Structure formats: structure tokens, C-alpha cells
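**Q** Sequence:
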Amino acid sequence: MTTQRVRRRWTIDLEGGRAVPWWLRKVPGFLVVGACCTVGYFTLYLLLRGPLDAQWANAVALVLSTVADTWGNRRWTFGVRDPSTALSHQALGLAVLALGAVLTSVSLWWLSTVDPDASAVAEVVTLAVANGVSGAVRFFAYAHVMQTDRPARVV
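Positions 1 to 155 (our numbering) are the ones given, in order, by the sequence shown.
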């Protein structure tokens, strides 16, 4: 048995002649991994928010949760287990993290401008919205890159 890399088809034919984008089947796994990493992110943020200011707590929580998120999505969402692509996928995750960091930092800055005495709950809600946008970008970036990095079995 040999393996080769194959590009995934844009659509998957279903019974009844309907076709859906192949990536649509990946969304549930991405959401589960993302939910777990989001819980970890917010937990880290809230734990670090006491000893650190909001920006530093956000930065540390983002980096650690992004590494976990990329690993989880490689393995469970996209089925990529090849160690030779791990570094490039982590680099992609960190590049998307840069976008997330900008979005969350600007969001926290905006909140502090609008409401200088904002509560931690308001900060978390603001961060949730910014992370939602960042998550959508992350999914499509991962889907684009990881669709071709999963080996297909050829008999």
C-alpha cells in the first residue's frame, strides 16, 4: 500500500444527486476543537488577567490556545498526522493568530475608549466577537492548506 497527496474535490456527491462543498463536512470537527480551545483561551485569559493587564493576558492566552487549536484541527478536523507538515501548519496558525491578536487588541482598545471602567464580562464578550471573526478566517485558511496535506490511500 502506498500513499500520495491528493487535492480534495470541491464537492462531495450525496444521495439524491445533491452536492455540498467538501469543507462543509469539516465544520463540526472544527467547531468542537475550537470550542475546547476557546474555553482554554478564556480560562487562561481570566487566570492571567489578575497578574497581567488585559493586553498581556490576551497575548499569552492567544498564543497557547492557538498552538493547541492548530494541533487539534490538524489531527481531528482534517486528519493530518504527517509530522513533516506540522511546522508549516503551526506557522499558518500563528500567522492567523497575528490577525486574531490585532482584532482582539483593537477590540479591547475600543472597549476601553468607549467604557474606561468596563467589567471583565464586557471584555470577554468583546473578545468573543473578535475571536469569532478570527475563527472563520482560521477555518478557511486551514481548509485551504490542509486539504492537500492529508495522504490518501492508494491500493
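If you're looking for bench data, these hints aren't it; they were derived computationally from the structure. Be aware that one or more of the hints could be misleading.
Derived CB-CB ranges, DEER-like [stated by the list, open to error]:
no.: 1; residue 1: 60; residue 2: 86; range: 33 to 41 Å
no.: 2; residue 1: 128; residue 2: 22; range: 46 to 54 Å
no.: 3; residue 1: 116; residue 2: 25; range: 32 to 40 Å
no.: 4; residue 1: 46; residue 2: 144; range: 29 to 37 Å
no.: 5; residue 1: 22; residue 2: 81; range: 36 to 44 Å
no.: 6; residue 1: 53; residue 2: 27; range: 28 to 36 Å
no.: 7; residue 1: 106; residue 2: 42; range: 15 to 23 Å
no.: 8; residue 1: 129; residue 2: 53; range: 14 to 22 Å
no.: 9; residue 1: 19; residue 2: 106; range: 36 to 44 Å
no.: 10; residue 1: 22; residue 2: 137; range: 14 to 22 Å
no.: 11; residue 1: 25; residue 2: 115; range: 40 to 48 Å
Keep in mind that this is a model prediction, so the values were computed, not measured. Just so it is clear, CB atoms sit at the ideal spot from N, CA and C, and this is done for glycine as well.
**Q** Now tell me if each hint is right for this structure.
**A** We went through each hint and held it up to the structure:
no., hint, in the structure
1, 60 <-> 86: 33 to 41 Å, "22 Å, violated"
2, 128 <-> 22: 46 to 54 Å, "29 Å, violated"
3, 116 <-> 25: 32 to 40 Å, "46 Å, violated"
4, 46 <-> 144: 29 to 37 Å, "33 Å, holds"
5, 22 <-> 81: 36 to 44 Å, "19 Å, violated"
6, 53 <-> 27: 28 to 36 Å, "35 Å, holds"
7, 106 <-> 42: 15 to 23 Å, "19 Å, holds"
8, 129 <-> 53: 14 to 22 Å, "20 Å, holds"
9, 19 <-> 106: 36 to 44 Å, "39 Å, holds"
10, 22 <-> 137: 14 to 22 Å, "19 Å, holds"
11, 25 <-> 115: 40 to 48 Å, "41 Å, holds"
Of the hints listed earlier, those the structure fails to meet are numbers 1, 2, 3 and 5, in rising order.
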